[in-house]
Amino acid sequence: MKRPVLRVVGLSALGLVLLAGFVLLMVRSGPLAPVRVTTAVVERGAFENAVFGVGTVEAERSYAIGPTVPGRVLAVHVDVGSEVSAGQLLAEMDPVELDARLSASRAAAARAVHALAAARAQVRDAAVRQDLAGRNARRYASLGEQAFFSDAAVEAKRQEADSAGAQLQASRAQLDAARMDVERLEAERAAAERQRANVRLVAPVAGVVTARDAEPGTTLVAGQSVLRMVDPASVRVRTRIDQGRAGGVRAGQTASILLRSRPGLTLPGRVARVELNGDAVTEERIVQVVFDEAPKDFAFGELAEVTIATTRGGDVLAVPGAAVHKYAGRRGVWTVADGRADFVPVRTGETSLDGRVVVLEGLHAGDRIVVHSERELGAGDRVSPVESLAEAGR
Amino acid sequence: MISLAGRDILHHWAKYVFTGVGLGLLIGVTLSMAGIYRGMVDDAQVLLRSSGADIWAVQQETLGPYAEPSNLRDDAYRAILGMPGVAEASNVTYLTMQVRQGERDVRVMAVGSEPGRPGEPPFLVAGRRIARSHYEVVADVRTGFRLGERVRIRRHEYEVVGLTRRMVSSSGDPMVFLPLKDAQEAQFLKDNDAIVNERARTAANPALNRPGVPGLLDAILASQTASRSVNAVLVRVASGHEAEQVAENIRRWKHLEAYTRAQMEEILVSKLIETSARQIATFLVILAIVSAAIVSFIIYTMTLGKVRELAVLKLIGTRNRTIAAMILQQSLGLGLIGFVIGKTVATLWAPYFPKYVLLLPGDAVRGLVATMVVCAIASLLAIRVALKVDPATAIGG
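For the protein sequence lines, the chains are L and U, in the order given. 1 is the number of the first residue of the first sequence in the numbering used here; add one for each residue after it. 1 is the number of the first residue of the second sequence in the numbering used here; add one for each residue after it.
So here's chain L without its partners, still in its complex pose (with noise of 0.2 Å):
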C-alpha cells in the first residue's frame, strides 16, 4: 500500500508545479503582465542646438557666355574643366558678312576725311573771295561818293561782295556737315569693329569652365550660351532647412558641411546669408553657407548635409524626445510612483538634434519619467522598469 501513495503524493507534486508554472506564464506574459519601460530622471543642464539641412554645392557668381546676335560658332578654345584668366579668349563666333561692313565703314570714314578737307579749302576760298568782294565794294563807294562812278556800278559791287558773305557762310555750313560726317562714319566704324569684336567671347572674370553647350558649326540665337563658366572664389552650399526649424538661424552661425562625395569627412564653414525668400511649396528656407576654406575636388551640384549649430541654453529642463506623448489630445510625458504610469501634460520647446526637447512647464527637475515602453501605456498601467528593451527581441 505504500507505493500507491507514494506515487500519488508525487503525481500531484508535480501537478502543482506544473499548475504553477502555467498560471506563472500567463501573468508574466500577455496582455496581464505589467508593461515594461525604461525610464529617465529629468535634470537641468546645458542645451545645445543646431539644425540640419541638405543642400547643393553652387557657385554665386555664374556666367553664361554666349553670342549678343545670332550667329553661327567658328571656334570654341576651351573645354570643360579649364581655369581661365580675366580677358581670356574663349570661343569665337563667325564674323560672315562682318569684316566686309568693316572695311565699308573705314573706306566712308576715309573718304568723310577728304570731304572735311575739300570742305575747308571751299571755306578759305569763299572768305578770299569775300576779302576781294569786301573790298571792291569798300572802294566803289568812296569813288562813287566822289561821283567817280555811278550808283548803279557801286550798287553792283556792293551786291557782289554781299553774295560773296553768303557763299562763305555756305561753305562754313558744308565744312561743319563735312565735320559732321565724319563723326558719323566715324562712329559707324567703331561700332563696326565693336561688332567684329564681339563675336570673340572672352572670360569677364577668372574662372572655371562648367559646361560647353555649343560646338563649332552650331548656329545660336541670341540668349544661348556655347560656354558656362562659375567664379571658384564664390562657392557656396545652397541649403534648405525645413521651415520649423529654420527659426533660429542667422549669418554668422558655425556649419559643418558634408559633402556626399567624401562621407566621413565634415568640413567647417559658416552662414553667409538667410535668403529672404522661402520655398512656398516645399516649406523650407534657403540659407547660404559658405567654406571656411573652400575644397579643393568637389562638383558643382553636389549634395552636402549642413548642420548648422544654433542656439545654446545654459540652464535648461529637456527630456528625451523620445518620452513626449500624445494622450487624450494633450502633450505630455508618463512619469512613474509606485509602479503606476501617470500622465502629466507638459508645454515642449525645440527638440535638439540629438533627439532632446526643452520642457518649458509641466515637469520639475528629479521627476521619474518613462522614456521607452513595450507598448502604448493608459492611465493607471503598471509599468516595471528596466535597463533597456531592446535586447527584448520580437
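Simulated from the structure, these hints should not be mistaken for laboratory data. This structure is a prediction, so every number in the text was calculated from the model and none was measured. Do not take every clue at face value.
[Said to hold, decoys possible] If the Cβ cut is set under 10 Å, some of the chain U residues that face chain L in the computed set are:
| hint | residue |
| --- | --- |
| 1 | R49 |
| 2 | P115 |
| 3 | E157 |
| 4 | P214 |
| 5 | R228 |
| 6 | K343 |
| 7 | T347 |
Note that beta-carbon positions come from the ideal geometry of N, C-alpha and C, so glycine has one too.
Please arrange chain U on chain L, whose structure you already have, making use of the hints.
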C-alpha cells in the same frame, strides 16, 4: 468514497499523461490558429491606432491609402487644415518595399511622416525620434535593424535612430518611419536611369526642344523630376466635433475621399483580410473537429482496453452512473491536461511565428469551455460501450 477515475489513471498514469500531452499539442495548434486570426485583425487595427488619425483624406474614388493606391498633391493638407473641426492635418506616404541591410533584403512598409504630427510612431522601445528632416529612420524591431545601423533606401543611406514595437502594416510587414521629404523622394522620384532616359526622350521631342526658345527644355525637365505627392492626409478632429461631419465636409468641399476610423477599420478588417480570415476560420473548424475525433478515439480505445475490469465492476454491482462518471471524469481530465499543455506551448511558441499571434485571455476561456464540451461529447461513445459490457465477460473470456 474512492475515486474510480483516479485509481484507474494512477494505474496507467504514464499512458494517460502522454495522451494528454499529445492532445495538448493539438490544442496548442488550435489556440495558435485562433491567435493568428486575432493577430491579423490586430495588425490591421494597430496600423490605424499608430497613425493617430481620426479621418483619412485620400484621392477621390479610392479606398486608399492601405487598400488601394491613392495620390494627392502635398499641399492639400493646408486646405484641410483651414476647415472647421480640424485640429491637425498632416501628410503621410505609405510604400511597401524591400530595404537593403547588408546582404539581406527586408520587406517593410516605409511610412513618411512629419515630426510631431499624426503618422508618427506613438511610442519607442529604444533610441529617439527623428530629429533631422533627412536621412534618419525609426524602424520596428521586427525588421532586425539595430540602433545606429545604416540602411539603404533607394538612393540614400539612412541611420536607424529609434526602434518601435508592433508597428506593422495590415499585412504584417514591419514599418520603417522616415522623414516625409525622403519618403516622397523614395516613392515618387524616378531612379537615375529613368530620369536620364526621360530627359533624352523629352530632348528628342521637337515641340519641347524648340530652337529659339532657350530655357524651355530646362523648365520642362525640371518639372518632370518634381515629387510633390503624398498618399493621404491624416486628420485629427478637434474636441467637440463629430468625425463624420468633418469627413462629410472634406468630401463635399475639397473633392477628396474621406474615411473616419470606423470606416477605415471596416475597409481593413472586412475587405483587406476577409479571405485570409475565412481561410483561418475554416482551418480552425477543421482542427476542432479533428481534436474532438481524436479525444473520442482515445477515450474509446481506453475504455475498450479495460472491458474486463468494467465487467468485474458490473459483476460486483457497481451502478451504471458510477461507471459513466468515471469515463466522463477521465475524459474531462484529459481535456484539462490538454488545455493546460496547449495554452502553455501556444504561449511559448507564439513569438516564433513569422506573423503576429495574439492570444487573448477571452479566447483561452472560450477554448477551455470548448475543450470541456468536446471531451464530454467525445466520451459519450465510450460510455455507451462501457454500459453495454456484459458482466459475464469477467468470467468468460
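#### Entry: Contradicted hints - numbers only
As far as the earlier hints go, not one is violated by this structure.
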